[in-house]
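Undergrad: Protein chains in written order, with the working numbering: chain S, 1 to 334; chain B, 1 to 317; chain R, 1 to 384.
The set of hints was computed from the structure by calculation and includes no laboratory data. Bear in mind that the values here come from a model prediction, so they are computed numbers and not experimental data. Glycine included, C-beta positions come from ideal geometry on N, C-alpha and C. It cannot be assumed that every hint is accurate.
[Claimed, not checked] Okay, derived cross-link-like pairs now, PhoX-like style, lysine-lysine, Cα gap no bigger than 25 Å in a straight line:
{"#": "1", "chain 1": "S", "residue 1": "K132", "chain 2": "B", "residue 2": "K92"}
{"#": "2", "chain 1": "R", "residue 1": "K141", "chain 2": "R", "residue 2": "K193"}
{"#": "3", "chain 1": "S", "residue 1": "K132", "chain 2": "S", "residue 2": "K202"}
{"#": "4", "chain 1": "R", "residue 1": "K114", "chain 2": "R", "residue 2": "K141"}
{"#": "5", "chain 1": "R", "residue 1": "K193", "chain 2": "R", "residue 2": "K114"}
{"#": "6", "chain 1": "S", "residue 1": "K133", "chain 2": "B", "residue 2": "K311"}
[Stated by the list, open to error] To give a feel for the contact side, a few chain B residues facing chain S, derived at Cβ under 8 Å:
{"#": "7", "residue": "L58"}
{"#": "8", "residue": "V114"}
{"#": "9", "residue": "P202"}
{"#": "10", "residue": "L227"}
{"#": "11", "residue": "A230"}
{"#": "12", "residue": "E272"}
{"#": "13", "residue": "S273"}
{"#": "14", "residue": "N277"}
{"#": "15", "residue": "I298"}
{"#": "16", "residue": "A303"}
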Amino acid sequence: MSTYASHVVHGPEHGSVRDDVTVTPDAPVRAGARAAAMRRQTAFRRVVYLVSILLMAVPLVSLVEYSVRFPLTGAVNLDAWRKIFAGRTNEYTTLDNLWLGLTNSLIMCLITVVIMLVLLLPTMVWVRLSGKKFSRFVEFVCLLPLTIPAVVLVVGLTPIYRVISTQILNSSAIWLSFAYVILVLPFSYRAMDAGLRAIDLKTLVEAARSFGASWLTVLLKVIVPNIKGALVSASFLSCAVVLGEFTLARLLAKDNLQTALFVINLSDSQVAAAMSFLALALTTILLVVMDLIMNRAPKAPKKLEVSKKLDVSKKLDASKTYRAPKKRVKETSR
Amino acid sequence: MTTVSTSVGRADAARPTGRGAGDTPPAAATSVSSRTWVRALSRDAGILPFFAYTGIFLLLPTILVIIGAFTARDGGFSLDGIHQALNARTAKIFWTTTWLAAVTAIVGAVVGSVIAYALSTAPQGSVSRRVITAFNSVLAQFGGVMLAFAFIAMLGTNGMITRLLHALLNVDVPSNLLSSMSGIVLVYIYFQIPLMVIVFVPAVDGLRSEWRETTMSFGGTTRTFWLSVAGPILAPRFLGALLLLFANAFSAFATAAALISQQTIIVPMAIESAIRNENNTNMTAYAQVLALGMILVIAVIMALYAALQRKTARWEQ
Amino acid sequence: MTTLNTASAGMASTSGAAGSESAARSQGASTSASISASTSASSVELRNITRTFGAVTALSDFSLTIEPGEMVALLGPSGCGKTTALRALAGLEDINAGTILIDERDVSDLPAYKRDMAMVFQAYSLMPHMTVRQNLEFVLKIRKISAVERATITDRYLDMVGLSGHAAHFPHQLSGGQRQRVAIARALAVDPKVLLLDEPLSALDAKVRVQLRDEIRALQLESGITALFVTHDQEEALAMADRVAVMYQGKIAQIGAPQDIYERPESEFVARFIGQVNDISGTVSSQRATTAFGSVPVLPGSVTGAATVLVRPENIAIEPAGTGAPASNVGIIEQFNYLGSVASVAVRCGDVLINAQVPARDGQHLVLGSAVTVALREAPALAV
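Extracted from the complex, chain S is given alone in its bound form:
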């Protein structure tokens, strides 16, 4: 059977189909008002892009320039960069604080992301499964940190952290992660909410449970694979928040990347500039990668191969009349 897509369109002489694509000689060519408007819009967009990129790039370029050009004398050298890439050595002990801060921040990234996932994901799944009862509460609490300034939070956290530092745990900076989890709640909630909304959670869970899967299996093997993008997004955003966090660390007198940058600026401002550039660039790359992962075009589904053609060519016996089978009513136990 030929499909119409591949078939040439026949037409009798009195039909209005013409096979030629050429424009008839007397059809006037048009200028296109819409195209002109589109061109104006594109030009406007390009100008705005250019100006924005310039504005965004200049501070970054200044940072790099500052890091290689000693401000007072104008001498250009790569000392600052050398110091950074030498890492934690005995030679440049002035940078010890910086490495401490960086290490703390990286560890805190990890701890914060882990706590955030373990706390938020089961809670959000549970809330979605058990009806609308707590969803407004969770949403409100998760968006609250956006409105409570960090400076305010830290005033109330001071006594709490005093207890944590002295009685429960030690005074290491990494326990700041507990508070950081609160700071990343808005971003993580939004990302995971979008991910959970996009899948039919109830059906997936019920299907898996009906096959006898345990809750852990359901969470790890059914839910997580389906919201991978949202989880990556939440994690990357949390990392970005932790890396850039300054207020809590400073007011609770702990060392993290940003406070270390602040201190190092007082002694070696070029290193501070170089490090700032790296941190900004890294965070941008983090977010761009996250965006690319999140918005990858979905792969085309594989074509299902039908291994055996259903055989409908067999002739049914003409002498027999076929009646629909009687439906057996199942006894159900409930």
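Use these hints to put chains B and R onto chain S, whose structure you have.
TA: Chains B and R alone, transformed into the frame defined by chain S:
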């Protein structure tokens, strides 16, 4: 995962926790209702971990701040802290912070909305749009200290642009620009604009092409469209974004801290100096009162924002 | 050409009504310059329109004439250019070559807002921040109609679509069908030269679709307005339009009254696209095709010699086979689907599966698995 299983599983799974240690009383009316009550609690137990965690690290600090503002040194209720704070200096600090937030919010909103409009004209998948959006995200939310350094590198005494302006246009950038108010305004605008872009692009994206085409097909010009359709639809969103920008600038600490030392011209910095002031423990109450003041300001802003959101949500078809 | 006569007859009988309506309007009108005092509808002509997007040709030398008061449907698969043609007429799309004429005036270079048309979209036609009443008064205000007039016209048209009680509601408070009704009322209220509809029913539920279909057609006939609408739903096109233009790859494959399109397709594409066909092999000579199931006249445009005859399911006659040696036109019923008013029967004859459609009551004596004779009714078919 026990908490999750209790809720979605069968109701009778909750029963074991209903029976406490010890004897079980006969099925009288009171024990039935208490069993129901405990069962309901177990069903809702899934919220407990979240509730506990945010209770300790979010709710408790906030309560401590609010209560602390009204607590005297000996622990009783007192308005001393508030009296202490109600002086001209505090008022000036609050006023400065408000003014700073308002100015940077307005400039950020106007410039940011233009950029947001330009971004929305690009197809959503275009690479340049995504990179610019990602970078705006970084500048808006994670910048702080690094941004301050960048500005010092740019407009400081030996900054790149300072030297450029001097060499090319013979314009002298004041050497204390960045530690003055104008410098701070400049840096704040620098992260307010990206925040506006991030917040406002979804609003502009929400303008359906059909609305513009309908206006045109009925005889309306572009001007008609912007005055009667796009303007009224975007206005509440614009105002909402403006409020967010205000709250953002009002709460900002890192940038100012990195630029200004030994001065407390804005509220967050005043809070810091109060906390770090170990000599005068009275200052803890002062910090709490300042914090309470901030909470009040932000609460008012967010209430207005919520009201605006409700209004625009109605229009979602 | 019968349907065109009906259309003009319809127009003649409704022009009186349209005329009195216009007259009533101009009686109370002050500065209603945009409402034409004449009662005649407008003619539309699209001449040799070509539209390319880079390497893709959306419209290729596309020509269409719409008579005054006529409703024409553009029907075709996605990507055939029907929406492009509609938008080109509206002025929302540029054209690379060709001419657009309204009432014999060249409007090709006029921007959309000067073309005096009205468009109804598939969805999001209404302004979300305006009430129903404000939506109508907004477009009337653009036409510079006075406030008093605006109120009157709004009331009248809302009444016409039965939504007077919803005048103060916002679009999000209405159902999909109600929104489209408001959009249509709004389009008619400005008395445009041409009414344009871009898949107006595609976003609605099936039942609402059928109901609104009839309402739109009734409104169009009553107001006598020239209309062009785009759809991918055949039933819709056949039910609503005076003429249907079946499009394929930027060109019109066939244009004609619904009956002509359905019963007398001129090409294989149209025959297959509209309704269903069975492929039956046969031989064509002297205007008739001979097959194993009988012989039928062939439509103009058919080939001669060995060919495949395209027969519609309702033109297949099925009778239970009597006892006797199986003939070449006997088969076994392989599928029997009772659809309420009709029954769809699939008969296996040799290696061919014939799909027939019989009225349900005739299908009562047909049993799955039984032997039946298949015959072709005397209706012209296309042989390709």
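Undergrad: Next, verify each hint and record whether it holds.
TA: These are the hints, each one checked on the structure:
no.: 1; hint: S:K132 <-> B:K92; in the structure: violated (46 Å)
no.: 2; hint: R:K141 <-> R:K193; in the structure: holds (17 Å)
no.: 3; hint: S:K132 <-> S:K202; in the structure: holds (13 Å)
no.: 4; hint: R:K114 <-> R:K141; in the structure: holds (15 Å)
no.: 5; hint: R:K193 <-> R:K114; in the structure: holds (11 Å)
no.: 6; hint: S:K133 <-> B:K311; in the structure: holds (24 Å)
no.: 7; hint: L58; in the structure: holds (5 Å)
no.: 8; hint: V114; in the structure: holds (7 Å)
no.: 9; hint: P202; in the structure: violated (12 Å)
no.: 10; hint: L227; in the structure: violated (18 Å)
no.: 11; hint: A230; in the structure: violated (14 Å)
no.: 12; hint: E272; in the structure: holds (6 Å)
no.: 13; hint: S273; in the structure: violated (10 Å)
no.: 14; hint: N277; in the structure: violated (12 Å)
no.: 15; hint: I298; in the structure: holds (5 Å)
no.: 16; hint: A303; in the structure: violated (10 Å)
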